[in-house]
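**Q** With these hints in hand, go ahead and build the complete structure from the sequences.
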Amino acid sequence: MREMTDGMQVCVHLYPPLNTAAGQSLIVMDLEKENTIQGLIDQLVARFGPQMRRYLFDDKDRIIPGWCVFVNQQPPVYFNRPEALSTILADGDEVSFLLALAGG
Amino acid sequence: MALSKNCYAGRILRVDLTSGSITTEELGPGLIDPLIGGRGVASKMLYDEVPPEVAPFDPENRLIFAPGALHGTGVPAASRTTVTCRSPLTEMHGDGHSGAQWGGELKRAGYDVLVIRGRANRPVFLSIDNDRVELVEAGNLWGMLTSQTHAALRDRCGIPDLHTVCIGPAGENRVFMAAIFHNGADKGTSARCGLGAVMGAKNLKAIATRGTHDVGVVDIEALKAAYQEYVAIINVDPHPVGGTRYGTCRFMYHRIKFGIHGAENWNYGEYPWEKLDPEVFRSDYQIKAAACVACPIRCRRDYRVVSGPFAGTTAKVEWETIARSMTCGIQEPEAVIAWSNICNHYGLDIEGTGDTVAFAMECFEKGILTPNDTDGLVLKFGNVAAFLELTRRIAVGQGHLAQTLARGTQRAAAQIGQGSERFAMHVKGGEMTAGDPRGMPVRAVSYATSTRGSDHLRSNPYIEEIMKPDEALTWWGSEEAADIANGLKGKGRMLKFSEDLVTIGDILGLCKFAFYRSATFPWLYQKGVALATRFYNACSGRNLSEAEMLTAGERVWNIEKAYNTRCGATRADDSIPERFFQEPLKGGGPSGGTVVDRDKFEAILDEYYKDRKFDPQTGRPTREGLERLGLQEIADDLQARGKLSRVTESP
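Same order as they appear, the protein sequences are chains A and B. The numbering of the first sequence is my numbering, which starts it at 65 and goes up by one. The numbering of the second sequence is my numbering, which starts it at 2 and goes up by one.
Treat the hints as calculated values from the structure; they're not laboratory data. Computed from a predicted model, the values in this text were never measured in an experiment. Hints are supplied without guarantee of correctness; some may be wrong.
[What the hints assert, rightly or not] Anything over 10 Å on all C-beta distances counts as not near chain A; from chain B, calculated: (1) S20; (2) D156; (3) E230; (4) A312.
[Unchecked claim] Straight-line distance between alpha carbons at most 25 Å, and here's what the computed SDA-like set of lysine to any residue pairs gives: (5) A:K97 x A:F112; (6) B:K601 x B:P585; (7) B:K587 x B:R572; (8) A:K124 x B:Y228; (9) B:K469 x A:G103; (10) B:K490 x A:V141; (11) B:K469 x A:D125; (12) B:K644 x B:R572; (13) B:K611 x B:E549; (14) B:K276 x A:G71; (15) B:K289 x A:T84; (16) B:K587 x B:D600; (17) B:K225 x B:I33; (18) B:K276 x A:C75; (19) A:K124 x B:G589.
[Claimed, not checked] Per label pair, the in silico range of CB-to-CB distance: (20) A:D94 x B:G589: 31 to 39 Å; (21) B:V379 x A:L90: 38 to 46 Å; (22) B:F582 x A:Q115: 31 to 39 Å; (23) A:Q88 x B:G420: 50 to 58 Å; (24) A:I152 x B:G569: 50 to 58 Å; (25) B:N236 x A:L90: 21 to 29 Å; (26) B:G569 x A:D106: 41 to 49 Å; (27) A:D106 x B:G589: 31 to 39 Å; (28) B:G478 x A:Q88: 39 to 47 Å; (29) B:L474 x A:D94: 36 to 44 Å.
Glycine residues also receive a C-beta, built at the ideal position from the N, C-alpha and C atoms.
**A** Here's what the structure looks like:
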């Protein structure tokens, strides 16, 4: 990962179906410094288009609460809590998106 | 030609194995109107016909097969059949649910329900070919594996597309974790509660069925409109995508998220999982992705080992197969596939069997069992050879230890003693399932309140994972209900709702993964209640409201609760193993170090009882609660037996 001065890079792990939307499971995203998970999501949608948006947002344009995010293997951030999207990211963070709901 | 204008065949088929009597009777509005079908009708028939004086292996115990009301209609994922009996494991209400074609075939033969009673004096199978129903000598089938039995019946009957249910050697040997298998080893399994043991106790090896009639649909246009809305949801809902790609193995990601693997007999929450990654199963072992009847999700997966000691072994593997392998410390996908092969062919429930083997392994590791007790098996966690061999021995009853374990962990612990009881992980006698409840309080309570022993499919309280606080406030009166780890208020109400919700699926025969899981609560409600009700109305010609459909689910739950109460269950039975309260979850990770907070557990249970109108002191139903659901007769019965509570509020 290259050194950033004005911005930062985060490594993003995409689990199904986001990996289908992106065509890959592991990507590096360039973000502004002290950007948030909300900012990362916006960048993902900007980069990968409607298919990514379709899986991240519901039909009322709200982020789907079933997603959760791990940042550096810390306890997950749940999107059913409004404050989750404000989580600030740092350069070099590893971020994992999982739609991982109970069931079987 | 349709037998009737709606989705019901309109008949109950009764077979008495003792006398050989075969009769039919009408399935009338007395059962259909309040209970609809499937699990609803079966639970009520069990209550009416099997009192607590009838032991599970008594010939008078019933084995009731009841396809869901929508099975056979073409409604998406309407493929589930309920099998019900008094369980040898719990000695309470028992049932299992399978997605496969046999139930639809029974309806096409002209029967909504099949009730088996009695015991044949020699092994038999039941042949149902539309109106031609007969008991046939099956001595040559006895001892066969499930796959062999299915193939032999197709040959013997000369019907290539014959549909069967059968037991394997485990059922014949009355192993308490024996299951009933649909169309051989790798299609569908009515797994829990020892259903296969009851079938074996009746000397009934199999039921071979062919039906050539149609199942009716009253309003095909209404069905099509609901179908289009269903497809519109699953096209945007990201939840089904993982199922379509990985099958149920996808739930590995949920266990990783929370760190709740329950590995090594529910000691470890975080555990090496990388070799068991769903992507590994998909890329290295998958040979077939298939679906139950009419299901657009297609989550059934067959895998094949291509090299090594298990080369050539194939098996249908579910997520629980992997989870219970981890409970035994297994980390190799080839061993998981080989174990699934053994369970499926010998006729074992993988959930109950896995936990039972894990119990024996912990006893061995702690020195309670020695090589002398195990006939030389080194029952250490992760020992693949011992894992597979003990499973086989349990199925065939080989050796004293295997025979002890064949009665489930609760009874095995009572027999082994030496403090092993604390390693027996069960609720009401039924082994644990799914993920570790430490870190998810409502999950802990849901395991406890399940009417068939520990069970993750009896409710869906995990809707806390998808609910937003404002939705929780609207539905359960508190934003806290959407807080997974710390919330309290509203959790009991949420649990009660979720139990009624998924009971709808079992009444109608709808798959829980296809209808009762979603990435948002509005989609979940729309599929599981609104569309489920519209599908049912379209197929039956009735005009139920969504509230009435939820009430039907609540009614069925109360019947099962009353059955268990009649069998002696109290609040003390609505609990979980002490390990979850007392021993911090090992292994680190998101839930590492947590226990189930007993005060929080009891507070959620109190709120749950209050919402159910059960007596919080005794855990028993009340007359008020039963009568508002039209269950006066059950209230009278419980009162006559001294098991009806009078109060709904804490003193």
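**Q** Work down the list of hints and note, for each, if the structure agrees.
**A** Structure-based check of each hint:
Under the 10 Å C-beta cut-off, the non-interface status given to B:S20 relative to chain A holds; the minimum distance is some 42 Å. The non-interface label for B:D156 is consistent with chain A: the shortest C-beta to C-beta separation is roughly 34 Å, beyond 10 Å. The non-interface label for B:E230 is consistent with chain A: the shortest C-beta to C-beta separation is roughly 12 Å, beyond 10 Å. Residue-level check passed: B:A312 sits 28 Å from the nearest beta carbon of chain A, beyond 10 Å.
The hinted pair formed by A:K97 and A:F112 meets the criterion: a straight-line CA distance of about 21 Å does not exceed 25 Å. The hinted pair formed by B:K601 and B:P585 meets the criterion: a straight-line CA distance of about 16 Å does not exceed 25 Å. Using a Cα cut-off of 25 Å, the hinted pair B:K587 and B:R572 is violated, with the two alpha carbons roughly 29 Å apart. For the given pair, A:K124 sits about 21 Å from B:Y228 by alpha-carbon distance, which is consistent with the 25 Å threshold.
As the CA atoms of B:K469 and A:G103 are separated by approximately 20 Å, the hinted pair is consistent with the 25 Å bound. The suggested pairing of B:K490 with A:V141 holds, with an alpha-carbon distance near 21 Å, which does not exceed 25 Å. For a cut-off of 25 Å, the pair hint linking B:K469 to A:D125 stands: about 14 Å separates their Cα positions. A distance of roughly 12 Å separates the Cα atoms of B:K644 and B:R572; the hinted pair therefore holds under the 25 Å criterion.
Distance check on the hinted pair: B:K611 and B:E549 sit about 21 Å apart at the alpha-carbon level, within 25 Å; holds. Between the alpha carbons of B:K276 and A:G71 the distance comes to roughly 36 Å, so the proposed pair goes past 25 Å and is violated. Taken as a hint, the B:K289 and A:T84 pair is honoured in the structure, with Cα atoms around 20 Å apart against an allowance of 25 Å. Restraint check for B:K587 and B:D600: the C-alpha separation of about 22 Å stays at or below 25 Å, so the hint holds.
At roughly 24 Å between alpha-carbon atoms, B:K225 and B:I33 fall within 25 Å of each other, so this suggested pair holds. Restraint check for B:K276 and A:C75: satisfied, since their Cα atoms lie roughly 22 Å apart, inside the 25 Å limit. For the suggested pair A:K124 and B:G589, the alpha carbons sit about 38 Å apart, so the restraint of at most 25 Å is broken. A hinted range of 31 to 39 Å for the beta carbons of A:D94 and B:G589 is consistent with their spacing of about 32 Å.
In this structure the supplied range 38 to 46 Å holds for B:V379 paired with A:L90, their Cβ-Cβ distance being about 40 Å. Checked against the hint of 31 to 39 Å, the C-beta distance between B:F582 and A:Q115 comes to roughly 45 Å, which is inconsistent with it. In this structure, A:Q88 and B:G420 meet the distance hint of 50 to 58 Å, their C-beta atoms being roughly 52 Å apart. A beta carbon spacing of about 56 Å between A:I152 and B:G569 agrees with the range 50 to 58 Å that was offered as a hint.
Between B:N236 and A:L90 the CB atoms are about 27 Å apart, so this pair conforms to the stated range of 21 to 29 Å. Distance hint check: the CB atoms of B:G569 and A:D106 are about 58 Å apart, inconsistent with the given range 41 to 49 Å. Between A:D106 and B:G589 the beta carbon distance is about 33 Å. The supplied range of 31 to 39 Å therefore holds. Our hint of 39 to 47 Å for B:G478 and A:Q88 holds, since their Cβ atoms are close to 44 Å apart.
Distance hint for B:L474 and A:D94: a CB-CB separation of about 39 Å, consistent with the stated range 36 to 44 Å.
The earlier numbered hints that this structure contradicts are 7, 14, 19, 22 and 26.
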